[in-house]
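Full structure from sequences and hints, please.
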Amino acid sequence: MELQVGDPIDGVLALALIGRLDTPGVDRIEARLTAHLVPRAARAIVDLSGVTFIGSGGIRMFITIARTLGRRGGKMVLYGAQPLVAQVFETTSLNIIVPVRADAATAAEAARS
Amino acid sequence: MHPQRVAIRFPGTHDGFALAFERFREALDAEELAGTPRFNTELVFEEIVANIISHGAAARRELAVAVTFETHADSIVLTFEDNGVAFDPCSYIPPARVVSSLDETQVGGFGLVLVRHAAQSIDYVRTAAGQNRVSVRLSRAQAAH
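The listed protein sequences correspond, in order, to chains A and B. Residues in the first sequence are numbered consecutively from 1, following the numbering used here. Residues in the second sequence are numbered consecutively from 1001, following the numbering used here.
It is worth saying that the hints were derived from the structure and are not from the lab. Among these hints, one or two may not hold up.
[To be verified] To give an idea of the interface, some chain A residues facing chain B are shown, with a C-beta separation under 8 Å as derived from the structure:
{"id": "1", "residue": "24"}
{"id": "2", "residue": "49"}
{"id": "3", "residue": "53"}
{"id": "4", "residue": "55"}
{"id": "5", "residue": "59"}
{"id": "6", "residue": "60"}
{"id": "7", "residue": "63"}
{"id": "8", "residue": "64"}
{"id": "9", "residue": "66"}
{"id": "10", "residue": "67"}
{"id": "11", "residue": "70"}
{"id": "12", "residue": "84"}
{"id": "13", "residue": "97"}
Quantities reported herein were computed from a predicted structural model and do not represent experimental measurements. For glycine and all other residues, C-beta sits at the position ideal for the given N, C-alpha and C.
Written out as structure tokens, the structure is:
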């Protein structure tokens, strides 16, 4: 699992996750993703188009980070999920409690709001 | 089509899990399993094994896990056996989930929700030898279930 940092979009931090959010993947990435977002109370978008698999550990990670960010005034919006990853979001209702959008533009708009 | 059978044994540790998952995905590659059936099969493996490792450890006993993967014409059967504490996933009731509030929603229990959504059937037995045995049947069809 890899984390990439892109150019900000209208002041919104742009990150991308690439790989598998299975147990080993979450173990490798959670601390780094948290460190990029939480201390600065970031408004950020996270590109998931390169995430090929997600399990409950990935869902837990996103909820935990979103919760911590929200308490500090930050916000994380996920976007670009592949269909089977999006299906996991629906099954777990993640998309109800953490913002999920189709593309970077709408995700950045949601992150700023 | 003759059913294919692959058995993977590994210690119930994070390293054992990671290596076993690689071997499991190689077995899925050999079956040329793809799309929804591939994703769901990996998801069931991930969630059942993660649950075993997180909750199965018993005092004074090393956790050992065995996973058998069988393919049939229209289905896949995964059988998980471990020597951990008794746990019947069929009777587990996930916590009531508040989905309207990020602060209130609980983060536990998603794994079995995902397994139940992916599987056609789930069966559990506590064997005479004191092992948990969970069998999960999944569809090979590209559409869900």
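A quick look at each hint next to the structure:
1. 24: holds, 5 Å
2. 49: violated, 16 Å
3. 53: holds, 6 Å
4. 55: Holds. Min distance 4 Å.
5. 59: Residue 59 (chain A) check passes; min Cβ-Cβ to chain B is 5 Å, inside 8 Å.
6. 60: For residue 60 (chain A), the interface hint holds, since the closest Cβ of chain B sits about 4 Å away, which is under 8 Å.
7. 63: holds, 5 Å
8. 64: Holds: closest Cβ of chain B sits about 6 Å from residue 64 (chain A), inside 8 Å.
9. 66: Check passed: Cβ of residue 66 (chain A) comes within 6 Å of chain B, closer than 8 Å.
10. 67: holds, 5 Å
11. 70: At about 6 Å, which falls below the 8 Å cut-off, the nearest Cβ of chain B leaves the hint on residue 70 (chain A) intact, so it holds.
12. 84: holds, 4 Å
13. 97: holds, 5 Å
Comparing the model with each earlier hint shows a violation of hint 2 alone; every other hint is respected.
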